[in-house]
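Q: Residue numbers (the numbering used here), protein chains in the order written: chain A, 4 to 352; chain B, 40 to 164.
No lab work stands behind these hints, which were simulated from the structure alone.
For glycine and all other residues, C-beta sits at the position ideal for the given N, C-alpha and C.
Each hint should be verified, as a subset may be incorrect.
[Said to hold, decoys possible] A few chain A positions that, by computed beta-carbon distances, are all more than 10 Å from chain B:
1. Q52
2. L62
3. R101
4. R109
5. D120
6. R121
7. G146
8. A148
9. R154
10. G159
11. R161
12. L163
13. R340
[Claimed, not checked] With a Cα cut of at most 27 Å, we get these calculated DSS-like pairs of lysine-lysine:
14. B:K122 to A:K268
15. A:K268 to B:K118
16. B:K138 to B:K156
17. A:K335 to A:K286
18. A:K103 to A:K243
19. B:K138 to B:K85
[Said to hold, decoys possible] Computed footprint of chain B on chain A, listed as stretches where at least three residues anywhere in the stretch have a Cβ under 8 Å from a Cβ of chain B:
20. 12-23
21. 291-300
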Amino acid sequence: MVDFGGWEMPQQYTSIRDEHLAVRHVAGLFDVSHMGRFRVAGDSLEFLQHLVTNDLSQLGLGQAQYNLLLNEEGGIVDDLVVYHGEEGFFVVVNASNREKDLRWFREHAPSGLEVEDRTFELALIAFQGPRAQELLPADGLDGLAYFGFRRGGVAGVRALISRTGYTGEDGFEIFVNSDRVAEVWDAILARGKEAGALPAGLGARDATRLEAALRLWGNDMDETVNPYEAGLGWTVKLDKGDFIGRDALVKVKAEGPRRKLVGLKLEPGSIARHGAAVSSGGKKAGVITSGTHSFFLGYPIALAMVEAASLRVGDTVGVEVRGREAPAEVVKLPFYRGSARSAAAPTRS
Amino acid sequence: MADRHYTKTHEWVAVDGKHATIGITDFAQSQLGDVVFLELPSAGRKLAARESFGVVESVKAASDLYSPVAGRITAVNEKLAAKPELINSDPYGEGWILKLDLDGELPPDLLDEAAYKKVAEESSH
Chain A
4 MVDFGGWEMP QQYTSIRDEH LAVRHVAGLF DVSHMGRFRV AGDSLEFLQH
54 LVTNDLSQLG LGQAQYNLLL NEEGGIVDDL VVYHGEEGFF VVVNASNREK
104 DLRWFREHAP SGLEVEDRTF ELALIAFQGP RAQELLPADG LDGLAYFGFR
154 RGGVAGVRAL ISRTGYTGED GFEIFVNSDR VAEVWDAILA RGKEAGALPA
204 GLGARDATRL EAALRLWGND MDETVNPYEA GLGWTVKLDK GDFIGRDALV
254 KVKAEGPRRK LVGLKLEPGS IARHGAAVSS GGKKAGVITS GTHSFFLGYP
304 IALAMVEAAS LRVGDTVGVE VRGREAPAEV VKLPFYRGSA RSAAAPTRS
Chain B
40 MADRHYTKTH EWVAVDGKHA TIGITDFAQS QLGDVVFLEL PSAGRKLAAR
90 ESFGVVESVK AASDLYSPVA GRITAVNEKL AAKPELINSD PYGEGWILKL
140 DLDGELPPDL LDEAAYKKVA EESSH
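Turn these sequences into a full structure, and let the hints guide you.
A: Below is the structure:
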């Protein structure tokens, strides 16, 4: 068990390798109840539009949207998913930023508008993998589009089922009352067991999200990194009206970002770790933001924040591994495109 | 049957006369998580007790390996290059790392099983 944003969570249930491969070939069940969940009641569209980068006016009832919160300098305060439900909006934020984000929402909320922290009443579990739909004990999933959600039942327990995730695979995030989550968890695993579905810990979560090149706040981006540098320009809708950080981003966009996030492929055994130096032509070119060994691909992969103009796909760079310089190839992102398919959300690369 | 001793840095050494076999403990492999790579020396090299002789890379971190005893390396487990996961599945058997010919006496700070168990319990908190 490891401490993760104040939550005690398993790195693995059995083996990171087995759990990682289960997510890619069958399905894995993650407990992601540590993620912060807020409800924004009432007429809050205008308020939220001013806080986030994407255009919520495009978001129909029963749809979710990937989004960013920025500071005035255009730095990323957090990334989050905004859900448009019948009773208003709700958002899911990173565990490590829950308290900061809650303050941020409340500070900017117009008087009378309530932002309620629902993190502890609602549990959140994610069932992810190419066979997730077939194996989830729930009906009527066919009509649910990627980044769509609706009310339903999982194993006979009332839940909110969202076709979203953080693995690059098709799958579902399931919001269910905390006092019923254990039976839902057990029922999903009992149903999926024979097919090879497994409970999956933080290790498998990090490996699968990295293969899919999904950014991790605190590693690949933070308050000093803007969306264009993080390769998340597709979430920024400058023409939707004013929002916090917009002025700064207009300037960044005109000048072009100074840095960019790139994908690296390394030789077996050379695992690039967060914070390791990246060099090009003998000169410092950047830093590793995330890295791991991919059991699925069979080689180590990493994301690096590098000087913008200097590097292209196919180039070789040096990465500091165990005190020496290991060669790495700049490759296209994502490293792996799983079963997640989207008409609504653009490719995240 | 060889005697097995342990170190505070989570290696084990099984001693049979002048011959020693070295690996990492079950507790160590469980803390490291899935091992993906080992950087190991070649046979013939001489090691001092507590000398760092290699690195074990798991998905979580790279950790140095220290020799529990002094001696000359007679064999390196070649299987680990293709199957580093043997460290996880069988740390005291097929996941052995080095064989040494002992040089001199065993260091006095080696731990027996009961003493090592205490060290492991303390490190897991």
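Q: If a hint holds in the structure, say so; if it doesn't, say that too.
A: Against the structure, the hints come out as follows:
1. Q52: 40 Å, holds
2. L62: 37 Å, holds
3. R101: The assertion about R101 of chain A holds, with a minimum of 24 Å to chain B.
4. R109: It holds; R109 of chain A is separated from chain B by about 36 Å at its closest Cβ, greater than 10 Å.
5. D120: Fine: 31 Å to the nearest Cβ keeps D120 of chain A off the interface.
6. R121: 32 Å, holds
7. G146: Answer for G146 of chain A: holds, closest chain B Cβ roughly 38 Å.
8. A148: 34 Å, holds
9. R154: 37 Å, holds
10. G159: 36 Å, holds
11. R161: Correct as stated: the minimum Cβ-Cβ distance to chain B is 36 Å, above 10 Å.
12. L163: Nearest chain B Cβ is 32 Å from L163 of chain A, so the label holds.
13. R340: 22 Å, holds
14. B:K122 to A:K268: 21 Å, holds
15. A:K268 to B:K118: Given pair K268 of chain A, K118 of chain B holds - Cα atoms ~25 Å apart, limit 27 Å.
16. B:K138 to B:K156: 24 Å, holds
17. A:K335 to A:K286: This hinted pair holds, its Cα atoms lying about 23 Å apart.
18. A:K103 to A:K243: Status holds; Cα separation ~26 Å.
19. B:K138 to B:K85: 12 Å, holds
20. 12-23: holds (count 5)
21. 291-300: Contact hint for the segment 291-300 of chain A vs chain B: holds, 3 residues under 8 Å.
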